[in-house]
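Protein sequences appear in the order of chains L and B. So the first sequence is numbered by this note's numbering: it starts at 1 and just counts up by one. So the second sequence is numbered by this note's numbering: it starts at 1 and just counts up by one.
Hints in this document: simulated from the structure, not taken from any laboratory. In this text the structure is predicted, and so the values were computed from the model without any measurement. Glycine is no exception: its CB is placed at the ideal position from the N, C-alpha and C atoms.
Stretches of chain L that chain B covers, calculated by requiring three or more beta carbons in the stretch to come under 8 Å of a beta carbon on chain B:
1) 257-265
2) 289-299
Here are the in silico distance ranges between beta carbons for each label pair:
3) L/Leu314 <-> B/Glu158: 50 to 56 Å
4) B/Glu304 <-> L/Glu52: 22 to 28 Å
5) L/Gly86 <-> B/Asp36: 52 to 58 Å
6) B/Gly280 <-> L/Glu303: 23 to 29 Å
7) B/Thr248 <-> L/Asp218: 54 to 60 Å
8) B/Glu158 <-> L/Gly101: 50 to 56 Å
9) L/Glu52 <-> B/Asp222: 57 to 63 Å
10) B/Ser306 <-> L/Asp172: 54 to 60 Å
11) L/Asn305 <-> B/Gln219: 55 to 61 Å
12) B/Asp188 <-> L/His323: 49 to 55 Å
13) B/Arg58 <-> L/Glu158: 38 to 44 Å
DSSO-like, lysine-lysine: derived pairs with alpha carbons at most 27 Å apart:
14) L/Lys193 <-> L/Lys208
15) B/Lys193 <-> L/Lys193
16) L/Lys316 <-> L/Lys252
17) B/Lys252 <-> L/Lys252
18) L/Lys274 <-> L/Lys193
19) L/Lys274 <-> B/Lys317
20) L/Lys301 <-> B/Lys274
21) B/Lys274 <-> L/Lys317
22) L/Lys243 <-> L/Lys47
23) B/Lys274 <-> B/Lys317
24) B/Lys252 <-> L/Lys51
25) L/Lys316 <-> L/Lys168
26) L/Lys301 <-> B/Lys47
27) L/Lys138 <-> L/Lys97
28) B/Lys236 <-> B/Lys168
29) L/Lys274 <-> B/Lys301
30) L/Lys193 <-> B/Lys274
31) B/Lys97 <-> L/Lys97
32) B/Lys217 <-> B/Lys97
33) B/Lys274 <-> L/Lys274
34) B/Lys316 <-> L/Lys274
35) B/Lys193 <-> L/Lys97
36) B/Lys236 <-> B/Lys317
37) L/Lys317 <-> L/Lys301
38) B/Lys193 <-> B/Lys97
39) L/Lys301 <-> B/Lys51
40) B/Lys193 <-> L/Lys274
2 protein chains.
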Amino acid sequence: MALLRRPSINSSVRLDPNMNRYTEEIVEAFQSIQDDICGQLELFDGKGIFKEDLWERREGGGGRTRILSDGNVIEKGGVNFSAVHGPISAQLANALKVDPGHFFASGVSIVLHPCNPHVPIIHMNIRYFETSSPDSSKDPVWWFGGGIDLTPHYIVEEDSRYFHRQLKTICDRHHHSFYNEFKLWADDYFYIKHREETRGIGGIFFDKLDHKRELNKDQLFDFVCDVGRGFAPIYKEIAGRHKHKSFTDQEKQWQLLRRGRYVEFNLVYDRGTKFGLETGGRIESILMSLPEYARWTYDFKPEENSREAQTLDLLKKGIDWHH
Amino acid sequence: MALLRRPSINSSVRLDPNMNRYTEEIVEAFQSIQDDICGQLELFDGKGIFKEDLWERREGGGGRTRILSDGNVIEKGGVNFSAVHGPISAQLANALKVDPGHFFASGVSIVLHPCNPHVPIIHMNIRYFETSSPDSSKDPVWWFGGGIDLTPHYIVEEDSRYFHRQLKTICDRHHHSFYNEFKLWADDYFYIKHREETRGIGGIFFDKLDHKRELNKDQLFDFVCDVGRGFAPIYKEIAGRHKHKSFTDQEKQWQLLRRGRYVEFNLVYDRGTKFGLETGGRIESILMSLPEYARWTYDFKPEENSREAQTLDLLKKGIDWHH
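This is chain L alone, in the form it adopts within the complex:
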């Protein structure tokens, strides 16, 4: 994979003529969301600047990986855009349960690891996938997916309520059942099975939103863009509440342990990560989600009734956060 430094990736996304008119619009919208988020985060951080790596995929397409390191608020964060296409490999066909042919996939993926343990880790992703089959009698296959979830090192109920209410507001603008459905989906997805712990306080997760939904393609596209645009204001509000708080070394160590769990989730369960590793994606872009530093202490148990223990008690499915 060649790394290029250029102002924009547009020219490298050689659109497949078999693809429908959406691909170009999606690529533009997703890039503009990436630009907007990077701008807002740089202003908010006040020190960190995104470093951009443009890359190309040999089989088609490429991406813009943007990493902010050693900021005032963000210790390590990635805001990545990619748009890739090409023949569907046997592995891809099997993983995604699609027929042979060509595929196009584009998305924006974000993970931010803060310096301060009182500021939560946040993740956001929006993505689009479509295939074109040589058999023109078949219906075109396409879908949208995505989600936002929050991983506080210390759970603060007011933040959790705020976070879920904002997500509900975004969802409600598009479909009355989205929040409830996608909140449940996030509880199930962002779950570290071997620890019997959720990754954090959840959020929303959705996948394979397609023509079988009540909304049409334009409306689903609007929804995922709305999720993407909702991300920065929500993060800035919550991070802004805590970024100036002082913290002890013990709190910093707890943050490192919780980051260890984040690593476990991403390497063992996260579908995007596994998919990327298995299909030869750009490793440094995929693994930007891992924190700068993490820790594993054998059989660590926080003191009873400590804030650490209270946080652990809340790492479970089915909590109704938005009331």
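Once you have looked at the hints, place chain B on chain L.
This is chain B only, laid out in the frame that chain L set:
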């Protein structure tokens, strides 16, 4: 899973009457290897003492997890023994390609993460597995597996030669083709595919050694015990060469980055870890292999011709180390 503190696990390994006479012998030999290694490592470290957790598995058997933290040489190390048995679940049958019935499995697993970046990480495992089928007309299924591999943060050719020669000497005592075969197997197994890097300088790896081998069961049992007993002297020799060396902060940071790779291997590829996580093993015993601290820096590249770059150049398959 209940944690018990007792001098020995023997009484909790309720042997299945269907098992053959080997199980008891193996349990005793493996426990004695664990005892011997822990004793040697404590003496060698001079500060760290193993903390023991005895645990029981609800469906049958249990283990002795022993962890040494914050030693003079060893920052975090685990020397674990387990002996578990019970009905073969559908998942187990599928993963191991065995028929329904009962299984018995026992092993010793070791990972040592040193304080000093000039001392390598080392791993050793020996294991035995057998099944008994309700259908007495079927041949009994049993096998031995195991291996030792070394992960230097800085590769030293003399150490690598010493390490591989020692392994070859052990192998040669049992079968003239073992070293060549198991060295190749280790190159393939201890490989971080998404990084296109071996985990370290390899070693030996072997699995499913059974009646189809030229050696009989007694002889294979002797071989794995010899591997187990070979571990401590080899580690003490290599660690002893470097444990007093001074190191810079830059070298310490490089160690943290290499540990990040170790985490990637163990969570993404290691069969024992995956198997343990999927089948509800004792998590803290399985994940003792993860280092106390690890690091991921986006797209880190060592300076050309630095010792770090030289080490990266040697992280590949097919190097003939023992000459």
